[in-house]
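Starting from the given sequences, assemble the full structure and let the hints guide the process.
Taken in order, these protein sequences are the chains called X and P.
Here the first sequence is numbered in the numbering used here, starting from 1 and rising by one per residue.
Here the second sequence is numbered in the numbering used here, starting from 1001 and rising by one per residue.
Note that these hints are calculated values from the structure, not bench results.
Okay, the calculated beta carbon distance ranges per label pair:
#, chain 1, residue 1, chain 2, residue 2, range
1, X, G742, P, I1017, 24 to 30 Å
2, X, D738, P, I1003, 28 to 34 Å
3, X, G742, P, S1011, 29 to 35 Å
Calculated pairs, DSSO-like style, for lysine-lysine (alpha carbon to alpha carbon, straight line, at most 27 Å):
#, chain 1, residue 1, chain 2, residue 2
4, X, K755, P, K1089
5, X, K751, P, K1076
6, X, K661, P, K1082
7, P, K1048, X, K669
8, X, K669, P, K1089
9, X, K661, P, K1048
10, X, K775, P, K1089
11, X, K670, P, K1048
12, X, K775, P, K1082
13, X, K727, P, K1066
14, P, K1089, X, K751
15, X, K727, P, K1089
16, P, K1082, X, K750
17, X, K755, P, K1082
18, X, K670, P, K1082
19, P, K1066, X, K728
20, P, K1089, X, K728
21, X, K750, P, K1089
22, X, K751, P, K1066
23, X, K751, P, K1048
24, P, K1082, X, K666
25, X, K669, P, K1082
26, P, K1082, X, K706
27, X, K751, P, K1082
28, X, K667, P, K1082
29, X, K750, P, K1066
Backbone N, C-alpha and C fix where the C-beta goes; we use that ideal spot for every residue, glycine too.
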Amino acid sequence: MFFKTIRYKILLAVCVSFLFFTVCTFVVCFVYYKNNKGMANVACSAIVENYATDINATINRLFDLSNNLSILGEVFYRLNTKNHKELEWSVFKVFSNNDSKITFSGGVWYEPYIIKSSQERFCACATHNNKENVWEVNSFFESEQYYYLSRMWYMSAKSFMTQYNKNIISRPYFGATGMKELMITICTGIFDSKGKFIGTSSVDWELHAIIKDLADIKITKKSFVLFANKKYDFILVLNYDNADVDKNIGKSLSTIEWYSENLKNETRFFYNKEEYVCFIKHLFDDFVLCINVPTKELYYNIHNILKIVVIIFLLSIILSVFIIFRILQYNIEKPIQYLVEKAKEYTSGIFNIKFNISSSIEFSILASTFNNMIASIKEHATRLAIADTTKKNIERELKIARTIQSSNLKTIFPPYPNRKEFDIFATMEPAKEVGGDFYDFFFLDDNHFVFLIADVSDKGIPAALFMMESKGVIKNSIERFPLLNEAIEKANNKLYKSNDAGFFITAFIAILDVKTGILEYINAGHNKPLLKLASSKYSYIDTKGNVALGVFDNVKYNTYKVQLSKNSALFLYTDGITEAQNTKKEFFGEQRLMDTMNEFSSTAKNNIDNLKNTIKSFCDGAQQYDDMTMLNIIYKSEETDRLIVGAKVDNWSIVYNFLTKNMIDKKIKKEYQSKVLLASEEIFINIANYAYEKEKDGKVWITTEKTDITYDIVFVDSGKHYNPLEKKEPDVDASLEDRQAGGLGIYLVKKIMDKVEYKYENLKNIFVISINLQK
Amino acid sequence: MEIKKVEKEKSVQISLIGRLDATTFSELQLVLDEIFKSKIKELVFDFKELEYVSSAGLRILLNAQKLALNNSFKMKLINVNKDVMDVFKITGFDEFLTIE
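Below, the structure written as structure tokens:
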């Protein structure tokens, strides 16, 4: 459920954009970082390059100077002037034009006895007087005390000087003149015309200044410099952690664990657990310069800037995402929640609500639309309520009308439980609440049974009213006039006269003589009924009918007669049956009606129920527009299972004989017979003694019926309403003195019969006792 | 119903043949009324050929038994068939009638 909420979707969108912006930020930062890192590297490389160029230039100058002095020495030798002063002056001249910062001394030195055979040592030397900042000839080096011929620099120069005009750089060493500065002496050999080594020039490279300069290079706080000569494996500068420069001077390169011959520019290495980037440059004559900067410090600014940028970026993204979320929440989610809550209130029955949203134009339009909707719903509801009340009133009245109408039709079946000569069942189902169809049946006397079906030419209330009148008129007329056709003719005239609305009635009226089975009937424009003679099949009565009732005055009606035998049957119906329609607009029709009646044969009620079901499944839910009325009567011939006898004690023997004969006929076992007789006696005597108090002609109708399971005896009397089963039972456990003689009869009946029933219907006491034949 | 009466000293035996029901009980009543006029010591009903007894018959037997108790004579029923016995049992008459 949560995944379908707007809240979730907003959150999702916000998160996705947050993610997107974050990724963008990191990409931008990464590119920036890469570029700037490169730039830092380039800057550092440039610094190294710069120093390297300076150092190279210095070495070149020194070489030039040394070469010049060497040429001077050779020229002096060849001129053979042997004037020491001249040489001194020349040397002085060479140096006086030079920067004292690079070199502070130098000179020309000859092999022993080369210039003068009498003089072992011959040299000329100039030094720089720092105090007065002038160059001067220094004779100290010529002295016995100095004795240059045994000096290490001279000897090494002499031994290495195998090639003409070759420059030699000495191993760095500390000067002997009390000047403790580190120096390198650069020598260039002097040769005679035969290529014999006759002396050397010298230039002292004072390293103090360059060491100081290099040691002062501080690109970052922890950066350090390495300056060394690879040939002599001599470290000149190595200032880790601002350590004293002098400490490392002269140490071997192999003491440096991070250094190797293959070290390249921008290589990273670890020293003292810290990462460094190395910017290296290899110089002339195996000098190497290397500036090492800790990565952390080198990129410190970049890292810092990036950190700030990322934090600002992220903060601004979070802030904007939050703002967007709040805006969406307040402008969309909240109004929707508000609408939902209000709508819930409305559906829970609070109808006088008003939607009020002003946060956004869209939702305020929606709110006012809802308000309009509620207003129109209210209006409709009011109108509907009025219409509903009116409709309910009409429905109520119709219901009353229906009750009146149906109470006017006989609906209790069997209507004459004691008459076994025929079985009758009828029903009327109006299409509307009330209908224009009706049926009726009644006894004219003990043997003549009238039954009829009729259809008023309309439906609804007017037809129902006319139907009520017609029913009364027809019954009255039949009861008054002995001949059927006369009765119907009189009824027709009466209906014709009281029929201003122009109704007419089709009717089928019949009188059955239950004793003889003779049926008289008149068909006044009604549908042809189905007639079955004996046990054959139903077919439509084909006699010519007469005009419907209420149409013309003084019409003559024809009476037809037919002899019914046992199991003959008649089915009367109105056109609602044959004109029942299904959804395809097909009629149920006469053929289907006849087939249905023929395929099923049971009691009248079952026949009609079966037909009803067939019609129902035929119609398949289609609405019916006509009333449906039907009546089925099955003639059972004269009844042998029936006895009508005066309600007198003396008549018990008649009843006794009737029952005895009946039970023998029906093959009731002897053991049951005595029980039935005993119970029957008690019931009959009871009726004879109490049912008719003062009436002398009171009668008892006794009928029997045997099924596979039971044998029933029905006692019917029209005396006073009295249910003997309600009487208090006698105390059969009382002692002799307390014994009462009354009530024993009914008690006996209850005890010996399997089923005892009493009911009061149609002003008649009906007492049914039955015995189970399978016990 | 047919009633046979045999008197021996002060003992009376009544044999009933047929049905003792609402239409016949009055015949027996007349016979019994006659018997009760004189003082008897024993009254015996032989039901050998009695088909059945209805409540009307029970009433007479009940009254006869009450009289027997009050006038201290013996009353007993002999040869009672099953149907009649069933009726006695249902109504509880077998509790106070002397049936042999």
